[in-house]
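Engineer: Take a look at the letters that make up each chain.
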Amino acid sequence: MNQMTNTMTNAKPKYRLICGLEIHAELKTASKMFCGCTNNPFHAKKPNSHTCPVCLGMPGGLPVPNKKAIEQTIQLGIAVGSKINQFSKFDRKNYFYPDLAKGYQISQLDIPFCEGGEIKTPEGQVGITRIHLEEDTGKLLHNTVDNKKVSLVDFNRSGVPLVEIVSEPDITTPSQAKEYGKALRDLLRYLNLADCDMEQGGMRLEANISLIESTAPQGTLPDYKVEVKNINSFRFMEQAILYEMERQAKILDAGETPTQETRGWDSTKNKTYVQRAKEDAADYRYFPEPDIPPIEISDAHLAELKQQLPQLPSELRSDWETNYSIPLKTAKLLSPNSVAAAHVSDIFSLAQKSDIKPLEIANAIVNKKIAFSGTETAKEVIQHYQKLTQTDEVSGDELTIIIQAVIAENQDAAEKYKNGETQVIGFFIGQVARASDKKLDPKHVRSALIKELSQ
Amino acid sequence: MKLRSLTLAETRKKILEKSISQADVYNDIFASIAESNTELNVYLTTVDKKSALEKASAQISNELAGLPIAVKDNFCTRDMETTASSTVLKGFKPQFESTVTKKLQENGGVIIGKVNLDAWAHGSSTETSQYGRSLNPRNLEHLPGGSSGGSAAAVASDMCLAALGTETAGSIRQPAAWCGVVGLKPTYGRCSRYGVASMASSTDSPGPLAKTVEDAALVLNTIAGPDKYDATTSPKPAPDFTKTIGKSINDMKIGYIYHDLKGLETTAALFEPQLKVFEKLGAHVEKVDALDPNYSVGSYTVFQRGEVSSNLARYDGIRYGKDRSHFGEEAKRRIMLGTFTLSKGLAEKYYSLAQKVRTLYIQDYEKLFKEYDVLVSLSSPGFAKKIGATEGESMFGELEDMLLEPSSISGLPGISVPCYRDPKTNLYLGLNIVAPQWREDLVIQVGHAFERETKWNSWLNINESND
Amino acid sequence: MTKKNTPFTSAQMQHVAQLANLELTDTQAKKLATAFTETMEVVNRLQQLDISSVEPTHQVTGLTNRWREDEVDKSQEFTQEEALHNAAHTHNGYFVVPRIVNQDS
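So the protein sequences, as listed, match chains S, H and P.
When we follow my numbering, the leftmost residue of the first sequence carries the number 1, and every step to the right adds one.
When we follow my numbering, the leftmost residue of the second sequence carries the number 1, and every step to the right adds one.
When we follow my numbering, the leftmost residue of the third sequence carries the number 1, and every step to the right adds one.
Extracted from the complex, chain S is given alone in its bound form:
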C-alpha cells in the first residue's frame, strides 16, 4: 500500500484511476417485482415462506410487472436527471445458477427505463449511464448436512425488485467512489425507494477499475477493465479500489496489461481475488421477454411522476441553509427521507412564525434536548421547545433568599470564587436550581449569584 500511496501523493502520479460503479438496490415495495408475494426477504419468519408459482419457477408461472416498481425506477431517473425512455420493455438474461429459479433473470437490455443523468460528489460530478429494473435471485447459504457439503436455497428474495444504476467511468479516486455510493444511497433512502441495508445485501456494489497513464489525454479509456463484485460496504469498496490500483500499477509497471476479469473482495485478507476469467465469460442469450408486453409511459403519466417527486435533498438542504441558516451536516441528519424532511420544514416555518430561531430548534432536536420521534405535530414540537426554555416568574427577594442560603451552606466554594476560581459559578447555579421548586432562568440566576458572591 505504501508504494501506491507514494505514487498517489507525488506531484505527478504515473497512473490515473478510471472507475465506474454498478450499484444494485432492492426497491421498497409491498409485493415482489413480477408476482404478488410479500417483498420482505430479510424479516421473513421462515425460509421459502414467500414464494408462489412465479418466483419459484413452477411450470407455467408467468410474470406480471409491479407498476409501483416501474414508477419508482422512473422517479429515481427523474431525480438524477436521466432521459426517461417512455417506450421500454423487459428482456430475459439466461444463465444457470441454483438461486435463479427460472434459469433466467428478467432484466432490461437495450431499452432501460432511464438513460443519462448525474450524481454530485465533493470531488466532482459522476455521470449515470443507465438505470434499469430487474429481479433479485434467491439466496444461498453454505452448510454441511449429514457430512456432505451442501448449499441451501431460500427463494424468499427471488423476484424482489432490483434497480441497477450504472455510472460512467468518471470516478477518479477511491474516496470519490465512496462519496458517489453514499450520495446514491442517501438519495434512494430520501426518496423512500429503498432501505439500502448493505449488510443484508439490500444494496450491493460492483466497481469497474482500470488505470491509464497520467499523460494520456482526458477521455481516453484503457483497453482492459477489472470488475470487482459483491462488495457490501463503502469502506470495503474504497479499500478494494486502492488495492486494485496498486496491483494493476505493478503489472503496468512491468510493461504488461492486467487481465480482464471478474474479481471478488476478501475482507479478511484485504485483497481481491479472481472469480471468473474472461475465457469463460458468460453468454447471457438475451431476448425480449415474451411474457410481458412492452411498457409505454404516457406524457401525462410521466408528468404525474415528476409532480409526485418531492423536492430533492440537495435543493431542500440548500433552501434550509439560505432561509434558516441550517448547516449541511445538521440538515442531513434532519432529512433522512422526504417525509421526515417535509415534517422538519413545517416545524422550521412554524418556528419562524413563533419568533423562535429554526436553528435552535434544529439543534435541540439533533442534541435530543426535546423528544422527537417524528409522530409529533409541528405545533407540539414547538410547544416542547418552548417548555424546555420556559422559566417561572420568581421575585427578586425570593431568589436572593435562596442564593444567600446556598452561599451560607457552601462557604468553601464561595471563597474559591472570591479567589478568582470563577468557574465554581456553575456549581452554584446547579445548587440554586435544586434548592428552588420552580424552573429558573439560568441567566437570571447567574447574574444574581455574581452580584451576591461579589459582595
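Hint data in this document are derived by calculation from the structure and do not stem from the laboratory.
A hint or two may mislead.
[Unchecked claim] Here are the simulated DSS-like pairs of lysine-lysine, each with C-alpha atoms no more than 25 Å apart in a straight line:
#1 H:K322 with S:K89
#2 H:K280 with H:K253
#3 P:K74 with S:K67
#4 P:K74 with S:K45
#5 S:K68 with H:K236
#6 S:K148 with H:K322
Fair warning: this is a prediction, and the values are worked out from it, not measured in the lab.
We have chain S already, so just place chains H and P on it with the hints.
Structural biologist: Showing chains H and P alone in chain S's frame:
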C-alpha cells in the same frame, strides 16, 4: 346408441331434462376408457370414477353440467400428477391449478384424467412422449398427430366428452384433423397460459378439442377471458361464443389459400370439391395468394426454439422434478438449437430476423382480411401418418404444420373441422378456417355452417361414417 | 438459391450444450450436428426475404402496460411446506443442492 357417442351439447341437454343421469354418462365413459385406453395409450392419469361423480353432482347446475373432460398433461392440475409427457416431471404433483383448468372446473367441467402429448408439446405425432406414443382411434396403424394428440384421440375414441389442448403452431388443429374431430385454436391471449408448461410463450394458446363446433364453443365459453396472472391475456371480456352457432354465412367472402407444395395436389383434389358447400350456402369462395408458408417454418423454428431453450431452463430438479439429464432427444435438440440461435452475435441474425418475418405474415393477413371475412385451407397437407413416421425427421412437426404456422405466428384464431373421410383407411382431412384476431365467432359460424351441411362429422352422421 | 452452409461439428455441439446446461454423449453430439445442419438450412432461407423496412413483432396482439398494482396476493403464496412439497432434497425449510463453490452472481 351408447351414451358415450352423444355430443357434449346433447348429453348436457339430456341431463338437464333428466332423461339420463350423470352416473349413466360416467359409467359409459369410464367403460370406454377401460376398453380402449390400454391399446390407444391416451390417458397418462385417470381419476377415480366415484370421486369424479361426486364432483360432477356438485356441478350439475353449472354450464358444463359436471360432464367429463380430458386435459392435456401440460396443464398444472393441483395434486394431480402433471408430466408434460416428460420423465423430467415424473411424479410431479403441482401445488397450484392452471387458470384454464380452474375456470373449466368452476364452470361445471370435471377433469377425469390427463392425456398424452408430445413431450413438452414438442412435436406433431405424440411420438416424442416419454410415456410412449398414442394411437389414432380411427386407424390403429396411424398416429393421432400432436402435440395435443392425446386430447384428439380421447375425443375421437369417446373416452371423454371434450378435451383441452394447447396450440403453439398447429398442435390443436393438426391432431384434430388427423383424428376427425373439431379443434379450436383461440386468438393468442384469449385463454390464459398461467399454469401451462410454456413451450413458445409468444404463441402458446390453450383451446378445446371436441366432437362438434358447438361443443368446442361451449367449452371455450368456460375457459376464455382475461387473467390477472397472465400479462399477455387480452383485457377484452370474452363474448358468448355460441352466439354465431346456426347463423347464416350468406354473402360471406371466403379466401381459399392454396400453396403449391409437394404432395399437396392429391389431398387438394379431395379438398377442393368440399368448398362448393360454401357456395351452396350463399358465400363466395375465391382462390387467393398468400405469403409462402415455407418462410413461416424458418421463422417459427427460430423463435420457438429460442423461447423453448429459455422456458425449459427452470427444469433443474432442485425445486421439483428430475434433473436435466432426463430430457428426451427432441427436447434436447430444441433447447440446443434455441441456445445456439440466441448466443452472442447470433441473436440479431436469427431471433430478430425471425420476428421480422413474423411481421411480414401479420401484414399479409391484414391485407387479406381487408377483402375476405375468413380464410380457409387444409389443416394438414395429408392424412394421419403411420406409426414411426417421425424417425430421423428433425423438422417433422414444423413441416406437418406448415399450413397452420402462418396463422399461429400471427396470433389468429382458427378451427379445424372434419371435411373428408377416406373410406378405405377411415382417416380424415381437416378444413382449417382462420379469422382476424378476436374473431373466434367467425370461425365458429363458418365451421358450424360447414359441419351441418356435410356428412363428415362422425357424431352428427353416425351412419355415414360407418360405411 | 441458398448456398449450402458448412456442416456443424460435434465440438460446436458440446460448446452449445455447456451453455444449455446439458450433457451430451459423443453419439448425441454427432447426431445433433446433423440435425443442426438440416434445420439451419431451412432457417437460412429467411435471408431471401426483404425485411429492410420491417419491425420485429414481439407481442402479436399489440398489448402494452399489462402491469399490476403493488399489492400482496396471498391467494397464490405457498406455505413453506407447499413450496418444498415436490423437492427431492430439503433441509430445515431450505432446498438443498451440492455445495456451490465459486459464487459469482
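Engineer: Of the numbered hints stated previously, which ones are contradicted by the structure, given in increasing order?
Structural biologist: 1
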